[in-house]
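Colleague: Spelled out, the chains give:
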Amino acid sequence: MTILAQAANASPPMDSFASVDALVQGLAGVGYIASRRIATALYMSVHLQKPILVEGVAGVGKTELALSTATLLDLPLIRMQCYEGLDESKALYEWKYGKQLLYTQILKDRMGAELADAAGMDEAMERLHGMGDMFFSEPFLEPRPLMKALREDGGCVLLIDEIDKSDEAFEAFLLEVLSAYQASVPELGVIKAKTPPIVFLTSNNVRDLGDALKRRCLHLHIPLPEASLERRIVASRVPDIEARLTHQLVGFVHALREMDLRKSPSISETVDWARALILMHADSLDPAMVRDTLNVILKYEQDIQMVEPQISELLRTAQTTP
Amino acid sequence: MQHQMEDFIRALRAADVKVSPAESIDAHEAVARIGYADRELLKDALCATLAKSEDEVRRFDRAFDNFFARDPFDFATQPPPPEGGEAAPPEARLEDVSEEAAGSELAQIILAGDSTALTQAMEKAAQAAQVSEIRLSTQKSRLTRRLLDEMGVAQIEKIISQARRLEGEGGNALADRLEAGRKVVAAEAQRYVQRQHDLYAAESGRQLREELLARKALNAEGGIDPVDLQMMQALVRKMAKRLAERYSRRRNRARKGHLDVRRTLRQSMAYGGVPFNVVWKTERVDKPKIIAICDVSKSVAAAAQFLLTFLYSLNEVVDRMDAYAFSGRMIPVNQILDEHGVDKAILEVLRLIGFQQTDYGRALQDFAENHLDKLDRHTTVIFLGDARSNYADPRLDIMRTIHERSRSVIWLNPEPESYWNQGDSVMNRYLPFCHLAKTCNTLDQLERIIEDVLRQYVPR
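Chains as they are written, first to last, in this note's numbering: chain A, 1 to 322; chain B, 1001 to 1460.
If you are wondering where the hints come from, they were derived from the structure by calculation, not from laboratory data. Hints may be right or wrong, so weigh each one.
[What the hints assert, rightly or not] Straight-line Cα separation of at most 20 Å, SDA-like style, residue types lysine to any residue; simulated pairs:
1. K99/A to V1278/B
2. K99/A to K1281/B
3. K96/A to K1241/B
4. K165/A to D1366/B
5. K1241/B to G210/A
6. K90/A to K1281/B
7. K1018/B to D211/A
8. K214/A to A1244/B
9. K90/A to K1241/B
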């Protein structure tokens, strides 16, 4: 059963995935302004049941896309943050060692009584086997994000964040989960998802991902948006903002991106800045205001020092951008 | 349309976008889902399934626009308006010329001025003539001719000459129109083949050139062409990137799956001896440390420059790299490399130590006196030189020390092996102290050897 069929049964009909345009609208409805390319990739990913690998610089809305999709489909979001050293036991499942140890203790105490009435050695062994199998069964299983996602029968959105930070070995381990939506636990057998989750993988390009992983995913690269798109994003995220301020602010940020900065501001910085300006009751940008709030959009001291003397000039350029 | 998708995927591959069969299946499924009607949608959907990195997205966009660009023909074969109000004589019809002419499709298309039909006819003929198999720019004229033949241009020519022989003015008028149409078709065919060439072959020409350059001898007479030099340097960086990708991926710890009893016991102390935390043995993989010692005398300078470029581009994979250069005396060149960049460093080194007489013994002694402490079990020493020592003492004792102290010693010699012991070459006397000695006179060989070095550090 696909997510869509499932969703259609459960909640109001999911027309959002009927076409790309509907999807753009649907995403806008939950506060995510998507370009057509983003929407098409998401549309394809849901209909072809393939994971989607989202790349782009930090703060362009990679993670946000997954969150919005979950909201749009009204599905639970299961998030797994990757880091160096992440392994199976933290991603898929782990045995509850402590509980198992306690169980051994109990077993030891009860052993004599349990086995007292056994007819012979063979029967005693037989019973012991039965108890042993208990060790590796559901009650002792600690599911981790991947397992949770596979066992979510109503489907879910699985977000594997910053996959590029994980080791190569983990990447290889993911392949089974991503292509067949199943995972093998040696003691329990294969666990297969009833409803394949919608999988998002995000990457900041810290390292190149393997071809095998890329081949299994659809690929979406989110670039920094054009001015008009970014204005709409700001307007959607910060509803109280005035159009004139949005215009100025986005123009200024775009002018900054032309500069040779260590970290160019991305969408999340623009939105944060807009919020900060609203808090300060600004209705337009002036050099003093920009100087005071510059640390919201620029995250490095050198960048701030470089931009500060040019603020007035940048503001002038910002006025002229279409 | 199936055929078009296949051609498009081929065009993508030619544009250096890697497309695996599985991805092309995805692409077909995507197309089956969304259809061909909406071009933007098609582009975005194919992009998601086929292009897998930022770089590839850019190349994909270009290839898509190129491939699906179908600018309409400029098909002006209608007779010019009669001059001076004089009524033109009625034009002869095809049927008047001959029966064969009446059956000619191309002639009918031209007379009707139907550009859509012409496009279709050309696509069909192009498939028959296998224009999309184009590989080299020299094939262009031959393929254009094949394409025109397939379209039946020869027949048109025959009709024209027949029409000219017809009685009355009408025959000539028909011939003129056909003639004009034929020219348009010929120009169009040329343009078509050119576009196919841009799609499928432009990139492969460059690839061919790179392949040749990779095998070009570095110490060729008269040096390397400046144009080639630039391309070769780019090539070296590309090779280095490829190696870096392959080997940086194996840098992480290799898990051995053995229980680390000592650490497990230690950890269990906190829980009264119950081993809650199980610790597994791990193994660290060390990054290579490389010491490059380059002869920069005239015969080896070019090779030295590429070796240095190569090693420097590998900084992601290599832990530390120290470079030394010598001809008579030896100097460390790390600082020079940092200040001037690899491209100009060799010139700067030459300026500093000049073209002294090569003396390997002297150079080794300099190294032993000043830099021997740089050597340890993790270091690979790469010598680059022809081992022509002008009959001076080769100082084998120092070579032995280097051999004993380092992880491995590699000697790259630009000369072929048969020259190694002739004249003043002491190569064979150094050989016992090298773990590996190879001829290295092309970028190809250089890449292979450096890969060997990196592989030594990868756990098996």
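Colleague: Each hint should be assessed against the structure and marked as holding or not.
Modeller: Structure-based check of all given hints:
| no. | hint | in the structure |
| --- | --- | --- |
| 1 | K99/A to V1278/B | 15 Å, holds |
| 2 | K99/A to K1281/B | 24 Å, violated |
| 3 | K96/A to K1241/B | 44 Å, violated |
| 4 | K165/A to D1366/B | 44 Å, violated |
| 5 | K1241/B to G210/A | 15 Å, holds |
| 6 | K90/A to K1281/B | 18 Å, holds |
| 7 | K1018/B to D211/A | 10 Å, holds |
| 8 | K214/A to A1244/B | 19 Å, holds |
| 9 | K90/A to K1241/B | 33 Å, violated |
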